[in-house]
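S.K.: Numbered according to the numbering used here, the sequence shown spans residues -8 to 105.
FYI, nobody ran anything at the bench for these hints, they're computed from the structure. A virtual CB, placed ideally from N, CA and C, is assigned to each residue, including glycine. Do not rely on the hints blindly, as some may be mistaken.
With a straight-line Cα cutoff of 16 angstroms, these simulated EDC-like cross-link-like pairs (lysine to aspartate or glutamate) come out [what the hints assert, rightly or not]: (1) K5 / E56; (2) K5 / D88; (3) K71 / E11; (4) K5 / E46; (5) K5 / E67; (6) K0 / D81; (7) K70 / E(-5); (8) K0 / D88; (9) K0 / E67; (10) K31 / E62; (11) K105 / E11; (12) K2 / E62; (13) K2 / E83; (14) K5 / E45; (15) K70 / D43; (16) K71 / E(-5); (17) K21 / E67; (18) K101 / E56; (19) K105 / E67; (20) K105 / E30; (21) K71 / E22; (22) K5 / E40.
Quick list of simulated restraints, FRET-style, between CB atoms [to be verified]: (23) E92 / T36: 12 to 22 angstroms; (24) N17 / Y77: 33 to 43 angstroms; (25) G58 / T91: 16 to 26 angstroms; (26) W50 / E83: 12 to 22 angstroms; (27) G44 / K101: 39 to 49 angstroms; (28) E92 / H65: 18 to 28 angstroms.
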Amino acid sequence: MNVELTRFKVKQGKSHRVDEWMQLLNDNMKEVLLTLNDEKMYVETIFREIRDGEEYLYWYSVQGEGGTPVENSHHEIDKKHVAFWYECIDEEALSVDMKTEVVMIQDVVKEAMK
-8 MNVELTRFKV
2 KQGKSHRVDE
12 WMQLLNDNMK
22 EVLLTLNDEK
32 MYVETIFREI
42 RDGEEYLYWY
52 SVQGEGGTPV
62 ENSHHEIDKK
72 HVAFWYECID
82 EEALSVDMKT
92 EVVMIQDVVK
102 EAMK
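My request is simple: use the sequences and hints to build the entire structure.
M.R.: Next comes the structure, spelled out in structure tokens:
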């Protein structure tokens, strides 16, 4: 099981498109949740921050091993999600992986993830 928290920089001038991206995901949650099984993604949460005038998105995830990468998904919602990613995320800026210190997941939840 992989537990990750990563920070990604948003491209300048793309804040309004990030609004639309997050709205797309929230408005289509039923379809979004159906795609997570293929990725073996148990939990995925996106946080947003403006820090020193720069905008960032943080991805928190709990994912099993061997899932299909979202880029290879056949689901239409994932294709839109990935298109927003390439439009809005500054891939020239280094992403920052936070260091995992402690993972607290109850056994009943771990069992459900198997």
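S.K.: Confirm or reject each hint.
M.R.: Verification of the hints:
no., hint, in the structure
1, K5 / E56, "33 angstroms, violated"
2, K5 / D88, "22 angstroms, violated"
3, K71 / E11, "11 angstroms, holds"
4, K5 / E46, "9 angstroms, holds"
5, K5 / E67, "22 angstroms, violated"
6, K0 / D81, "6 angstroms, holds"
7, K70 / E(-5), "22 angstroms, violated"
8, K0 / D88, "12 angstroms, holds"
9, K0 / E67, "25 angstroms, violated"
10, K31 / E62, "14 angstroms, holds"
11, K105 / E11, "34 angstroms, violated"
12, K2 / E62, "20 angstroms, violated"
13, K2 / E83, "10 angstroms, holds"
14, K5 / E45, "11 angstroms, holds"
15, K70 / D43, "31 angstroms, violated"
16, K71 / E(-5), "23 angstroms, violated"
17, K21 / E67, "13 angstroms, holds"
18, K101 / E56, "13 angstroms, holds"
19, K105 / E67, "27 angstroms, violated"
20, K105 / E30, "13 angstroms, holds"
21, K71 / E22, "12 angstroms, holds"
22, K5 / E40, "14 angstroms, holds"
23, E92 / T36: 12 to 22 angstroms, "18 angstroms, holds"
24, N17 / Y77: 33 to 43 angstroms, "20 angstroms, violated"
25, G58 / T91: 16 to 26 angstroms, "18 angstroms, holds"
26, W50 / E83: 12 to 22 angstroms, "18 angstroms, holds"
27, G44 / K101: 39 to 49 angstroms, "41 angstroms, holds"
28, E92 / H65: 18 to 28 angstroms, "37 angstroms, violated"
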